[in-house]
Amino acid sequence: MTKWPDALQKLLLSCLLIFLIGCSSTPMQYRYLDSQTLSDVELTNTPFYPQDEFQCGPAALATVLNVAGVDDATPETLKPQVYLPEREGSLQSELLGAARRAERIPYVIRPQLADLFKEVEAGNPVLVLQNLGFARWPIWHYAVVIGYNPRRNEVILRSGTTERETMSLRAFEHSWRGGNYWAMVVPALGELPATAEPIRYFAAIAAQEQQGRFELAEASYRLAMERWPSEYMAPFGLGNIAFQQGRFSEAEFYYYKASEIAAEEPAIFFNLAWALVRQNRGEEALLAAEIAQMLAPEHARYGASVEIISNAVNQTTRSH
Amino acid sequence: MKKSLVIGTSLVLGSFVLNPAVIPQAQADIVATHEVVAEQQSGLNRAQLSEQLMRDDVQEQLVRFGVDPQEALDRVAAMTDEEVMELTAGIDQMPAGAGISVSTTVILVAIIIWLVFFR
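Respectively, the protein sequence lines represent chains A and B.
Just so you know, the first sequence maps onto residues 1 to 320 in the UniProt record's numbering.
Just so you know, the second sequence maps onto residues 1 to 119 in the UniProt record's numbering.
Extracted from the complex, chain A is given alone in its bound form (with noise of 0.2 Å):
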């Protein structure tokens, strides 16, 4: 057999490679989208608090809260509640805690450009985490998008010590891109985010009820119900507050009204024969019980529906 000339398999071997390099890449959004649907945008109200050295997590934090109305919220409160000393750096999901120990509901968006611009477009600002190194040498920063040209094809932000920072499109992206493309919008209360879909949503606003601040979950729920009627799992939610609150009757109105969305819904009718439980009606609950079984036979807790609630029934009558 010929052996190949050095140079022809040097070049073979880098073609091979650049093939490699470029397959594992995902194709880049920003030439999908059509910058002339964009309008031009800059939240030029959006306050700026240049970090400290490693802090722009804070920093970052502070801007979307004081735009959503947490006026208390400075860098220098935040701090404590979000900076990592040994890393020198601040964890995502410890800037969505801290917004949602500052009583607002943070929200993922989807990672899509067209999803971010529609927030700034809505007049939210939106946190996010770029990699202005390399893939494997990474510098993660956070940054906030205020604004976007379409003539210059730019995006505005808020960044470390620049108040206002420019960078193009691709070269956004590529930073984005380097951070998993997250980022997430704070609204004010009583507002939902733009690109809201309900189950993410839902999951920020359980994540608040899980954590006791029922108000706010509450109001949340009320506001998700207006915006998608036909999602049990506002009612479902409010049920749930209502029920850990020791109001049964109002729970079970709300599972009711659940149950009217999606009968199909185990857990509707697991909750609302507690509902009932607790209100001494035994036989209603135990009926509610057959149908959350019959449903999912298979699921663990549901499946045991009856036996859990005719257990619950039997303890409660022999308390009285």
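Certain hints may be false.
Distance condition first, Cα-Cα at most 20 Å in a straight line; then the derived SDA-like pairs of lysine to any residue [stated by the list, open to error]:
#, chain 1, residue 1, chain 2, residue 2
1, A, 118, A, 31
2, A, 257, A, 199
3, A, 79, B, 63
4, A, 257, A, 245
5, A, 79, A, 47
6, A, 118, A, 245
7, A, 257, B, 32
8, A, 79, B, 60
9, A, 79, B, 92
10, A, 257, A, 229
11, A, 79, B, 68
12, A, 257, A, 225
13, A, 257, A, 222
14, A, 79, B, 39
15, A, 257, A, 304
16, A, 257, A, 230
17, A, 79, B, 72
18, A, 118, A, 166
19, A, 257, A, 219
20, A, 79, B, 70
21, A, 257, A, 246
22, A, 79, B, 66
23, A, 79, B, 40
24, A, 79, B, 31
25, A, 118, A, 36
26, A, 79, B, 64
27, A, 79, B, 61
28, A, 79, A, 53
29, A, 257, B, 31
30, A, 79, B, 65
31, A, 118, A, 43
32, A, 79, B, 71
33, A, 79, B, 74
34, A, 118, A, 150
Not everything, but these chain A residues come out facing chain B in the computed CB check (under 7 Å) [stated by the list, open to error]:
#, residue
35, 85
36, 87
37, 88
38, 91
39, 94
40, 97
Quick caveat, the hints were computed from the structure, so don't treat them as lab data.
Note that the coordinates shown come from a computational prediction; the quantities given were computed from them, not determined experimentally.
From the three backbone atoms N, C-alpha and C, an ideal C-beta is built for every residue, glycine too.
Got chain A sorted already, so can you dock chain B onto it with the hints?
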């Protein structure tokens, strides 16, 4: 020794009282909204996951990364189950946004110059 035992116990109990995520729900019988949402999102039955253990683990990690223990408790309490689960993989695995400081910029520029001109 008895004193430390008392302090230890009250710390543990205190943490349960102060931490909203740990408060045993007065009516823990119903299915929580976040559980139903999670099931819908992932099709996963998370009832078996020992969530409290994970929270303890993440809190410990935060303390190891320099966070005050009481603050670490509050921070973990503000996270969802999914976020906690993500962090159990190791906080050093997660991106921690910090931004470019002057020193890193200088080092970066120096490296690029070296790569371009001196190799």
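These are the hints, each one checked on the structure:
1. Only pairs whose Cα atoms come within 20 Å are accepted, and residue 118/A paired with residue 31/A is accepted, the gap being roughly 17 Å.
2. A threshold of 20 Å between alpha carbons decides the hint, and for residue 257/A with residue 199/A the separation of about 18 Å falls inside it, so the pair holds.
3. The straight-line distance between the Cα atoms of residue 79/A and residue 63/B is roughly 15 Å, inside the 20 Å bound, and the hint therefore holds.
4. The straight-line distance between the Cα atoms of residue 257/A and residue 245/A is roughly 19 Å, inside the 20 Å bound, and the hint therefore holds.
5. Between the alpha carbons of residue 79/A and residue 47/A the distance comes to roughly 17 Å, so the proposed pair stays at or under 20 Å and holds.
6. Between residue 118/A and residue 245/A the alpha-carbon distance is near 37 Å, which puts this suggested pair outside the 20 Å criterion.
7. Under the criterion of a C-alpha separation no larger than 20 Å, the hint pairing residue 257/A with residue 32/B is consistent with the structure, at around 17 Å.
8. Between residue 79/A and residue 60/B, the direct Cα distance comes to roughly 19 Å. Compliance with the 20 Å bound is thereby established for this hinted pair.
9. A C-alpha spacing of about 19 Å is found between residue 79/A and residue 92/B, which places the hinted pair at or below 20 Å, so the restraint holds.
10. At most 20 Å may separate the alpha-carbon atoms for a hinted pair to count; residue 257/A and residue 229/A meet this at roughly 11 Å.
11. Note on residue 79/A and residue 68/B: the hinted pairing holds, with a Cα-Cα distance of about 12 Å set against a maximum of 20 Å.
12. Straight-line distance between C-alpha atoms of residue 257/A and residue 225/A comes to about 11 Å, which keeps the hinted pair within the 20 Å bound.
13. This hinted pair checks out: residue 257/A and residue 222/A have alpha carbons roughly 13 Å apart, not beyond 20 Å.
14. As the CA atoms of residue 79/A and residue 39/B are separated by approximately 34 Å, the hinted pair breaks the 20 Å bound.
15. The straight-line distance between the Cα atoms of residue 257/A and residue 304/A is roughly 24 Å, outside the 20 Å bound, and the hint therefore fails.
16. Our distance criterion of 20 Å between C-alpha atoms is met by residue 257/A and residue 230/A, whose separation comes to about 11 Å.
17. With a C-alpha separation of about 13 Å, the suggested pairing of residue 79/A with residue 72/B holds against the 20 Å cut-off.
18. A threshold of 20 Å between alpha carbons decides the hint, and for residue 118/A with residue 166/A the separation of about 18 Å falls inside it, so the pair holds.
19. The straight-line distance between the Cα atoms of residue 257/A and residue 219/A is roughly 17 Å, inside the 20 Å bound, and the hint therefore holds.
20. A distance of roughly 15 Å separates the Cα atoms of residue 79/A and residue 70/B; the hinted pair therefore holds under the 20 Å criterion.
21. For a cut-off of 20 Å, the pair hint linking residue 257/A to residue 246/A stands: about 18 Å separates their Cα positions.
22. Between residue 79/A and residue 66/B the CA atoms are separated by roughly 13 Å; this keeps the pair inside 20 Å, and the hint holds.
23. Restraint check for residue 79/A and residue 40/B: not satisfied, since their Cα atoms lie roughly 35 Å apart, outside the 20 Å limit.
24. A threshold of 20 Å between alpha carbons decides the hint, and for residue 79/A with residue 31/B the separation of about 35 Å lies outside it, so the pair is violated.
25. The straight-line distance between the Cα atoms of residue 118/A and residue 36/A is roughly 13 Å, inside the 20 Å bound, and the hint therefore holds.
26. A hinted pair counts as satisfied when its Cα atoms are at most 20 Å apart, and residue 79/A with residue 64/B qualifies at roughly 17 Å.
27. Restraint check for residue 79/A and residue 61/B: the C-alpha separation of about 18 Å stays at or below 20 Å, so the hint holds.
28. Restraint check: the Cα-Cα separation between residue 79/A and residue 53/A comes to about 12 Å, which is no more than 20 Å; the hinted pair holds.
29. Taking the CA atoms of residue 257/A and residue 31/B, the gap is near 17 Å; set against the 20 Å cutoff, the hint holds.
30. Pair hint residue 79/A plus residue 65/B holds up; C-alpha atoms about 14 Å apart against a cutoff of 20 Å.
31. With a C-alpha separation of about 13 Å, the suggested pairing of residue 118/A with residue 43/A holds against the 20 Å cut-off.
32. Proximity of residue 79/A to residue 71/B is assessed by CA-CA distance (about 11 Å); at most 20 Å being required, the pair is judged to hold.
33. For the hint pairing residue 79/A with residue 74/B, the CA-to-CA distance comes to about 13 Å; that is within 20 Å, so the pair holds.
34. In summary, the hint linking residue 118/A to residue 150/A is supported, as the alpha carbons are separated by about 13 Å, within the 20 Å threshold.
35. Taken as an interface hint, residue 85/A checks out: its beta carbon lies about 3 Å from the nearest beta carbon of chain B, inside 7 Å.
36. Proximity of residue 87/A to chain B holds as hinted, the smallest CB-CB distance being about 4 Å (cut-off 7 Å).
37. Here the hint on residue 88/A is kept, as its CB sits about 5 Å from the closest CB of chain B, short of 7 Å.
38. For residue 91/A, the interface hint holds, since its Cβ comes within 7 Å of a Cβ in chain B; the closest pair sits about 5 Å apart.
39. Interface restraint check for residue 94/A: the shortest CB-CB distance to chain B comes to about 6 Å, inside 7 Å, so the restraint holds.
40. Here the hint on residue 97/A is kept, as its CB sits about 3 Å from the closest CB of chain B, short of 7 Å.
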